[in-house]
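Engineer: Just so you know, our numbering puts 68 at position 68 of the sequence shown, and the rest follows in order with no gaps.
Think of the hints as simulated: they come from the structure by calculation, not from any bench. Any given hint could turn out to be false.
Stated by the list, open to error - Cut-off 20 Å, straight-line C-alpha distance, at most; resulting in silico cross-link-like pairs (SDA-like, lysine to any residue):
no., residue 1, residue 2
1, K152, L117
2, K176, W16
3, K176, G205
4, K176, L92
Said to hold, decoys possible - Quick list of simulated restraints, FRET-style, between CB atoms:
no., residue 1, residue 2, range
5, I157, A213, 38 to 44 Å
6, W158, E45, 16 to 22 Å
7, S101, A17, 23 to 29 Å
8, R363, G232, 56 to 62 Å
9, G273, K152, 56 to 62 Å
10, A214, M102, 30 to 36 Å
11, L203, I157, 29 to 35 Å
In this text the structure is predicted, and so the values were computed from the model without any measurement. Heads up, the beta-carbon is just placed ideally off N, CA and C, and yes, glycines get one too.
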Amino acid sequence: MILLLLSDLRHHAGSWAWTAVVAVVAASAVAGQFRVAHGAFAAAEAAGDPTMIDGAESVSGIIIIGVVFAAVAVLSSTSNLAVSQRERDHGLWKALGMSPSMVRLVIQGQLLALGTLASLAAVPLSLPISRFMMHRLISDGAALPGAVPQWKPADLIWTAIISAGTLVMGGRGAAKRASRTPEALLLRGSGGQRAHWSAGRVLKGLLRLLWAAAAAAGWAAEFLVIRNGTNGEDIFMAVFGGALSGLILVCILCSWLSPVLERLLSALIPSPGVAWHVAGRTCALETRRSAATVLPFVVTIGLVAIAFGPASVSPDVSADAFSSVFGLPFLVSWTGGVAVIAMSAGRRRRDAALLRAAGAMERDVLVIEVLEGFLHAAAATILGLLVTVGTAVLLSEALHRSLVGILADFPWTTLGLVCAATLATTCLAVVVSARAGALAGEQALRQVLRARD
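Full structure from sequences and hints, please.
Structural biologist: Structure below.
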């Protein structure tokens with residue numbers, strides 16, 4: 001099994017490339033933040049001031065929670081999409097006699113190996129990252145002068161657990177689906193499109209609702225802490241915890257909400273041509289791809305609201321310090337968004353070739369691709385604004401100000417720039433991925449349509 005696992009990884013390195021990129025970036029960010037947290041805490045302990053030690057613990061906790069959350073959200077969706085896109089290979093394995101349990105073990109073993117290799121690569125890559133972030137924290141006053149990043153051997157274990165564990169858990173559902181789906185459906189490329197309901201699917205939906213209820217309860221609990229609290233530091237941590245709970249709630253429901261939003265947008269916005277209709281149908285049919293594309297940008301917009309919202313309404317909070325703390329989560333989530341779009345390049349090339357075969361002009365194909373990117377960006381923006389409103393409600397209670405006043409003071413310029421960057425990134429990435437390898441344009445149409453991902 002191990003030989004098959006490694007051989008398949010080697011021969012299909014191209015299909016795993018973007019998953020590996022996201023895993024390495026996420027693992028490097030996690031390992032780098034561990035170095036920064038150890039260094040900041042050691043400098044505070046050396047100073048001997050209990051207040052500084054408590055502050056270092058709070059900053060270190062926020063740093064690690066932020067980057068781990070971004071890594072988990074991005075890695076889980078990326079690994080699930082990567083496994084789902086290789087269902088034809090999994091169908092071939094089953095057709096050649098591999099048992100369903102062996103198929104699942106090989107898939108999860110591949111994800112485990114990929115996450116472990118990413119954590120090993122993160123050890124040297126995390127050093128320049130941690131030095132840069134420590135310099136930013138010191139200059140912004142979030143860490144004591146003289147603090148230097150520190151590495152502990154246990155960090156490698158925790159980095160491997162986070163990166164490899166998240167990849168395995170993220171791809172677990174797709175691996176189970178590949179092991180249970182008949183090989184005929186897998187070979188046809190429709191293994192994830194079965195519409196019938198099963199006990200497992202219902203249980204999975206109930207479990208998702210349970211996690212969503214837990215996140216909503218966390219937001220409500222932090223709201224009560226803010227309402228009844230008197231300690232300024234406790235209120236600040238409650239605002240952060242509640243805002244993060246709101247972001248987690250939206251991320252948990254993203255795979256359900258984003259397809260619904262994209263369908264509503266495509267139905268509500270009138271358009272005289274067929275390009276808008278085709279773009280909307282593409283998003284509706286590729287729900288798994290749409291949700292995986294939207295999620296990283298939801299994380300980015302939500303983190304911007306959490307990072308810059310308190311700084312815009314309270315003079316006691318520094319925007320520069322928050323941007324330093326959440327810099328790496330931004331990098332991880334943005335990389336994940338671009339990677340998810342790039343992973344679907346093969347299918348988008350075939351979609352474009354099919355449209356050309358149906359008589360569409362090149363201009364029409366380009367418009368359809370841009371509109372698909374617009375729908376993804378619009379869904380991410382709407383979900384990100386939900387996180388923004390949830391954060392504003394907590395700040396309104398903490399500062400005893402009206403919600404309208406808090407929202408008026410929010411950093412809408414920064415949020416607008418991030419949303420515009422999301423729109424530009426999704427549209428450009430969709431267009432480029434559909435034209436990746438301009439050599440595809442020189443191939444015969446039947447070659448493009450029969451090409452593999």
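Engineer: All the hints need checking, so say for each whether the structure fits it.
Structural biologist: How the hints compare with the structure:
no., hint, result
1, K152 with L117, "18 Å, holds"
2, K176 with W16, "19 Å, holds"
3, K176 with G205, "15 Å, holds"
4, K176 with L92, "16 Å, holds"
5, I157 with A213: 38 to 44 Å, "32 Å, violated"
6, W158 with E45: 16 to 22 Å, "20 Å, holds"
7, S101 with A17: 23 to 29 Å, "28 Å, holds"
8, R363 with G232: 56 to 62 Å, "58 Å, holds"
9, G273 with K152: 56 to 62 Å, "59 Å, holds"
10, A214 with M102: 30 to 36 Å, "35 Å, holds"
11, L203 with I157: 29 to 35 Å, "32 Å, holds"
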